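Protein chains in written order, with this note's numbering: chain B, 1 to 160; chain X, 1 to 160; chain G, 1 to 160.
In short, the hints are calculated from the structure, not lab data. A quick note: this is a predicted structure, and the numbers were derived from the prediction, not measured. It is possible that some hints are incorrect.
If chains are identical, the list can't say which one is meant, so a pair holds when it fits in one copy or spans any two.
Cut-off 25 Å, straight-line C-alpha distance, at most; resulting in silico cross-link-like pairs (DSS-like, lysine-lysine) [claimed, not checked]: (1) 53 with 145; (2) 149 with 6; (3) 59 with 89; (4) 72 with 53; (5) 6 with 131.
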Amino acid sequence: MLEEKKMNILMFSGDYDKALAALILANTAKELGVNVSMFFAFWGLFLVRDPAKSSLEDKTAFEKMFGFVTPKGPEELPLSRMNMAGLGKQMLLEMMDDDQTPTLTDFLNGARKKGVTFFGCKLSVDVMGFKEDELLPEVRIITAKEYLKDALESDMQLFI
Amino acid sequence: MLEEKKMNILMFSGDYDKALAALILANTAKELGVNVSMFFAFWGLFLVRDPAKSSLEDKTAFEKMFGFVTPKGPEELPLSRMNMAGLGKQMLLEMMDDDQTPTLTDFLNGARKKGVTFFGCKLSVDVMGFKEDELLPEVRIITAKEYLKDALESDMQLFI
Amino acid sequence: MLEEKKMNILMFSGDYDKALAALILANTAKELGVNVSMFFAFWGLFLVRDPAKSSLEDKTAFEKMFGFVTPKGPEELPLSRMNMAGLGKQMLLEMMDDDQTPTLTDFLNGARKKGVTFFGCKLSVDVMGFKEDELLPEVRIITAKEYLKDALESDMQLFI
Numbered sequence: 001m002l003e004e005k006k007m008n009i010l011m012f013s014g015d016y017d018k019a020l021a022a023l024i025l026a027n028t029a030k031e032l033g034v035n036v037s038m039f040f041a042f043w044g045l046f047l048v049r050d051p052a053k054s055s056l057e058d059k060t061a062f063e064k065m066f067g068f069v070t071p072k073g074p075e076e077l078p079l080s081r082m083n084m085a086g087l088g089k090q091m092l093l094e095m096m097d098d099d100q101t102p103t104l105t106d107f108l109n110g111a112r113k114k115g116v117t118f119f120g121c122k123l124s125v126d127v128m129g130f131k132e133d134e135l136l137p138e139v140r141i142i143t144a145k146e147y148l149k150d151a152l153e154s155d156m157q158l159f160i
Numbered sequence: 001m002l003e004e005k006k007m008n009i010l011m012f013s014g015d016y017d018k019a020l021a022a023l024i025l026a027n028t029a030k031e032l033g034v035n036v037s038m039f040f041a042f043w044g045l046f047l048v049r050d051p052a053k054s055s056l057e058d059k060t061a062f063e064k065m066f067g068f069v070t071p072k073g074p075e076e077l078p079l080s081r082m083n084m085a086g087l088g089k090q091m092l093l094e095m096m097d098d099d100q101t102p103t104l105t106d107f108l109n110g111a112r113k114k115g116v117t118f119f120g121c122k123l124s125v126d127v128m129g130f131k132e133d134e135l136l137p138e139v140r141i142i143t144a145k146e147y148l149k150d151a152l153e154s155d156m157q158l159f160i
Numbered sequence: 001m002l003e004e005k006k007m008n009i010l011m012f013s014g015d016y017d018k019a020l021a022a023l024i025l026a027n028t029a030k031e032l033g034v035n036v037s038m039f040f041a042f043w044g045l046f047l048v049r050d051p052a053k054s055s056l057e058d059k060t061a062f063e064k065m066f067g068f069v070t071p072k073g074p075e076e077l078p079l080s081r082m083n084m085a086g087l088g089k090q091m092l093l094e095m096m097d098d099d100q101t102p103t104l105t106d107f108l109n110g111a112r113k114k115g116v117t118f119f120g121c122k123l124s125v126d127v128m129g130f131k132e133d134e135l136l137p138e139v140r141i142i143t144a145k146e147y148l149k150d151a152l153e154s155d156m157q158l159f160i
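One chain only, chain B, in its complex shape (with noise of 0.2 Å):
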């Protein structure tokens, strides 16, 4: 039965695209009845950073520079493969509003809505010095243990 099943992600890129593919597929797997969990370290974390929120108390100057300079939210990401063959994000976004494909955030939310279970990064978080509040409040912080632990009981672990 896939009610049984539980599948983890372990989100690791900061790429649009590649966000776009993880959240299709914990989408579906909700909408299956599957156990979803995502893990959201180093760049991926930026797609959890809740846009309307950020500090800058106890944070050194680097973890400063870095919270302005990187990517806000969802909407922000790159593209994997920037300049393949000239298609450009905007083009990218324009086939997929041509066919009535929701965007990365209306992915987003419905992973939300649905239940998915979000967790970050605690190494990562520390390094890049974002704060737990600065992220959606969704998002519970673990070590790479509790990560392993989960992804370990899981029926199937993808590295995104």
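We have chain B; now place chains X and G onto it with these hints.
Okay, now just chains X and G, sitting in the frame of chain B:
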């Protein structure tokens, strides 16, 4: 028994080197008697375009342009690290040739002959404006839901 | 029980940040008592080159040039997103240092000491012209077939 095992590869990337890795695994798994499915999505679809066929019918302007400027079949795929240390694709191809390693096309044809199951992602095909008959005849278009059912029943899943 | 679990990582990428992610997972899994194998293929082989050793014997001109211009060991690996938002590798290293995070070399040595099994991909070694004694002594060269047998018996497989 390996004969009862099943491997599923989600081919997201359109890079020559990653496609090579994926197809070497698919061929090798079939030689071991393992059941193999590959799900081509996003840039991965370029790998299973039939170089001899491409259509302009029922396409928007964007889709036509997209079809023209993107890789048509395996040998047109770029390296994931084009400029890494000055290593060009030609250099890799010559090194492979020196070792009498088969080309990407050879591995693709091997996978077709050995009966690897080829799926194309419906959403990607729709967004990119590809028609089913522009792809290799072995490719069956399925939804993300069908991919997930197949992947969740597999013993091993890779996102490449 | 986690002690009976097995994790397999196919290390394809030669990026500093992806290698860091893979080795943090490998170290953490070993701390949980999980059995871990890493299969280094393609660019991933650069991570397990022994920086102190490199040979010119029995190499073609291409292989010699390739050996010279590519990264020799962990600290020479580039970031997967060199220019992402102006973040350089030096900046990441300083942020890691501020948080007293160990370096990639520390995690690599940790994995060696903890007994992570290191495999090198025979085909990649042959194509790139590396000799077994140019790699870390822990690396055993195996075929894709042997990798697949190991991976298919694992509870979790990642392609990084």
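Hint-by-hint comparison with the structure:
1. 53 with 145: Intra 28 Å, inter 35 Å, cutoff 25 Å: neither.
2. 149 with 6: Classified as both; 13 Å inside a copy, 12 Å across copies.
3. 59 with 89: Answer is between: at 19 Å across copies they meet the 25 Å cutoff, but 32 Å inside does not.
4. 72 with 53: within (9 Å within a copy, 42 Å between copies)
5. 6 with 131: The answer is neither: 29 Å in one copy and 33 Å across copies each exceed 25 Å.
In this structure, the hints that do not hold are numbers 1, 5, in rising order.
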